[in-house]
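The listed protein sequences correspond, in order, to chains A and B. If you read the first sequence in my numbering, its first letter stands for residue 1, the second for the next number, and so on. If you read the second sequence in my numbering, its first letter stands for residue 352, the second for the next number, and so on.
Hint data in this document are derived by calculation from the structure and do not stem from the laboratory. Heads up, a few of these hints could be off.
[Stated by the list, open to error] Which stretches of chain B does chain A cover? Using the computed rule of at least three CB atoms under 8 Å from a CB of chain A, they are:
#1 694-700
#2 714-722
#3 725-731
C-beta: ideal position from N, C-alpha, C; glycine also.
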Amino acid sequence: MTDTQVAKPAPAPDAPNNKSRESWFKGDAAEPMRRNLGLVGVLIILAIIGIITRPDLYGDATWVSNNVFTILQQASAIGVVTVGMTFVIIGGGIDLSVGAIVAIAGVWSTTLATQGYGAAGMIFTAIVVGVVVGLINGVLISYGKLVPFIATLAMMVAARGLAAQISGKQTQVSANDTINSIASTKILGIPMLVIILALVVAAGWVLLNRTTFGRRTVAIGGNPEAARLAGINVKFHTVLLYALSGLCCGIGAIMLTSQATSAQAAMANLYELDAIAAAIIGGTLLSGGRGTIVGALFGVLVFSTITNLFAINNLPTEVQNMVKGGIIVAAVLVQQFRYKSLTHLLGRTKS
Amino acid sequence: MSAPQPRDGEVEDQVASETPAAAEAPVVLELTDVVKIFPGVRALDGVQLQVRAGEVHCLLGQNGAGKSTLIKTLAGVHTADEGTIMWQGEPFAPANPQAAMKAGIATIYQELDLVDDLSVAENTFLGHEDRRFGFVRRGAMARRTRDILARLGHPQIPPRRLVRSLPAAGKQIASMARALSHDAKLIVMDEPSAVLAHDEVGNLFRIIRELTAQGIAVIYISHRLEEIREIGDRVTVLKDGRTTAANLPARTTPTRELVNRMTGRSIEYVFPPRVAPEDTEVLLEVRGLSREGEFADASLTVRKGEIVGIAGLVGSGRSELLETIFGARAADAGTVIMDGHRITTVGGAVRAGIGMAPEERKSQALLLDEPIYKNMTLSSFATFATVGFTDTGDERKAADKVAASLELRPRDTGRAVRTLSGGNQQKVVVGRWLIGGTKLLLLDEPTRGVDVGARAELYQVIHDLAANGVGVLLVSSEVPEVLGLSDRVLVMREGHLIHEAPAGDLDEATVLDLVMAGSLLEGELA
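Working from the sequences, and respecting the hints, build out all of it.
Following this line, the structure appears as structure tokens:
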């Protein structure tokens with residue numbers, strides 16, 4: 001600990017004592033940015049593979065713009081669910097019940113009784129059901145002291161069961177035109193579902209990066225004991241995180257219902273795994289305390305682009321799943337490598 | 352601090368007054384001028400130690416005297432940089448813990464390294480299972496474990512019982528069974544009595560006597576003098592990584608002599624001059640605070656601008672007391688009143704103006720990968736926010752101001768806390784409460800893992816705080832630190848506050864005596 005050390009420049013060549021606006025893009029925000037650039041690179045590579053394999057389709061500009069919206073629309077419901085999941089994971093938890101919450105919210109909002117209340121009643125029901133199920137998760141974890149994995153695993157099974165019970169294992173067709181038209185409506189040429197996704201992602205980004213709620217989330221996930229001893233109500237906040245995840249599931253349920261003009265107990269199958277995978281390859285640390293909303297969005301886009309790539313090449317989904325698995329492993333390996341080299345660098349400059 | 356000081360660096364060997372029983376036994380372990388250097392500190396700086404077969408050799412020394420480093424060197428965790436270690440007549444330099452075990456030196460650490468969900472037998476033979484064709488011979492292992500347990504005087508413990516289900520004393524016996532399974536000739540015990548109830552200690556001593564009767568040597572570390580008197584044969588005292596007295600007879604050496612050998616450490620403690628505040632208003636009042644098994648009936652007050660220090664050993668209940676005052680642990684009985692508010696939760700404590708710098712900085716206080724300023728505002732970022740939207744610009748300005756007043760290095764508050772030195776990390780934790788406008792600061796081991804230069808700075812920070820009217824309640828294992836910093840000192844021993852006096856009326860030897868022996872030996876202390 002000498003004065004010469006103090007004079008040494010920071011390891012990052014950028015950000016020499018950055019001031020307000022500049023610090024948005026540099027300093028501690030720079031690392032996630034770089035990671036997102038990597039994911040953008042992956043998307044570009046996937047697009048190039050698309051161009052090479054189907055030059056006939058990519059020659060048609062209208063097809064290309066339509067296809068981009070197809071990809072975004074496919075990503076919309078799972079994208080909204082992933083935003084909630086990202087909050088839960090950054091806060092040090094996990095939510096295995098998101099797919100089941102989407103199903104119970106979708107089924108509940110499409111029962112004949114609920115449909116009688118019109119579109120507003122259906123949307124209200126889906127959101128309330130989502131939030132309430134999330135609250136139950138949160139209370140079980142915070143105050144019942146259940147491990148998040150177990151609590152939400154139980155909820156995953158139970159909520160699907162309840163959804164099957166309510167629907168009588170039948171597909172419930174939505175007779176509400178307003179709901180059904182959400183998926184087909186476009187505003188200024190942009191599909192409504194994509195706009196909803198954009199709004200949720202923007203709201204999620206603001207919530208995580210610009211509010212006390214987001215700060216508490218990062219603190220609790222990063223070091224729950226330190227957060228507690230700093231006076232943060234860790235238990236209450238944890239409940240809110242699962243409720244937020246439930247809220248996103250409720251929104252996602254309406255989006256999926258609109259796309260299919262129906263809901264059933266088996267809808268949103270394996271969404272929990274897709275959402276976790278997207279958050280992780282987007283740079284969210286599974287142990288909590290670190291993660292970005294934008295990264296998670298890119299994670300979702302990578303997956304839906306792969307799905308699209310296989311679809312336009314008429315390849316079977318089995319192969320697609322294998323590739324997805326490979327990408328998850330590769331993304332985490334790259335992350336670990338980055339993190340190690342980063343800490344190595346910091347360790348070196350310290351001594 | 353006017354106790355008679357021993358001559359520095361000289362070792363007084365009192366071979367003449369050894370207990371007769373051990374005198375004829377051959378020397379099994381001999382350390383000469385052993386040195387172990389860690390970056391920036393000579394943790395061992397010339398250790399002499401001589402252990403005979405069948406004796407209980409006690410190691411005495413204050414926190415930081417080098418006891419842990421010494422036993423880790425014997426256990427093969429560290430390698431000595433200089434000096435010689437002779438084990439059974441041959442030079443000894445174990446490359447790893449397995450090698451030390453194989454050579455016959457077993458170490459029982461304070462935190463027992465048992466696997467809770469394995470059986471006693473499986474723990475006993477962990478790492479050297481009895482195998483045939485790759486299959487573990489469970490029956491044979493259980494039989495051998497039963498034999499060892501019988502040797503330890505505990506044939507009633509079933510070898511197949513899960514360690515988890517054993518009481519603390521039983522776990523310790525399982526640990527010793529493991530040591531014996533290696534056919535240990537020397538067993539090092541690091542504060543074995545710390546986790547035991549009183550009657551269990553007697554049992555432990557019976558086992559130690561049986562072991563030594565079989566010719567096994569024991570190195571016994573404890574801060575409790577009465578135990579050393581009861582079980583020990585000879586005592587070696589360490590100070591600043593150096594042997595200050597070797598082979599003193601455990602039963603007959605006067606307490607004053609032992610304490611003097613441990614005190615007067617040469618580490619420079621630079622304490623700023625201090626004038627205790629006149630009768631200011633009482634900030635914190637604790638009455639009859641108790642927690643089952645941790646501490647009982649603790650009452651104390653802290654005034655505005657006053658520094659109150661609690662001296663006590665690890666495990667005396669001092670950290671638990673501090674955390675209970677802060678609302679982080681629920682009290683079984685008693686009240687904590689801060690500025691007229693009853694404190695029962697951390698949130699309430701923070702609102703009433705209490706801040707705490709906990710014992711384990713990294714795991715209890717810091718978000719290591721987050722920038723300095725966010726760590727500093729961890730308890731106050733909501734007060735900078737407008738309807739839930741944070742204002743990192745203002746947060747950063749406030750953090751920069753506090754960083755400047757604490758002379759934080761580096762000053763750039765955008766840096767991740769992980770990159771800071773221990774002393775500067777501690778400043779971040781203290782700074783957190785300065786931003787919040789805290790009126791009372793609870794400091795648990797504020798200088799642990801902090802180098803000497805940064806210590807002096809922290810001491811200055813604490814004094815400046817008090818000068819500005821902040822009350823400080825601090826806990827430290829380092830007696831000179833408690834004495835040098837505080838206006839008033841409380842001594843805690845085995846869950847009870849046993850003594851209270853102005854710091855000026857106490858010296859290091861007296862406090863050490865109270866902390867270790869529980870009573871002032873008036874006749875012995877000059």
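Results of checking the hints against the structure:
no.: 1; hint: 694-700; in the structure: holds (count 3)
no.: 2; hint: 714-722; in the structure: holds (count 9)
no.: 3; hint: 725-731; in the structure: holds (count 3)
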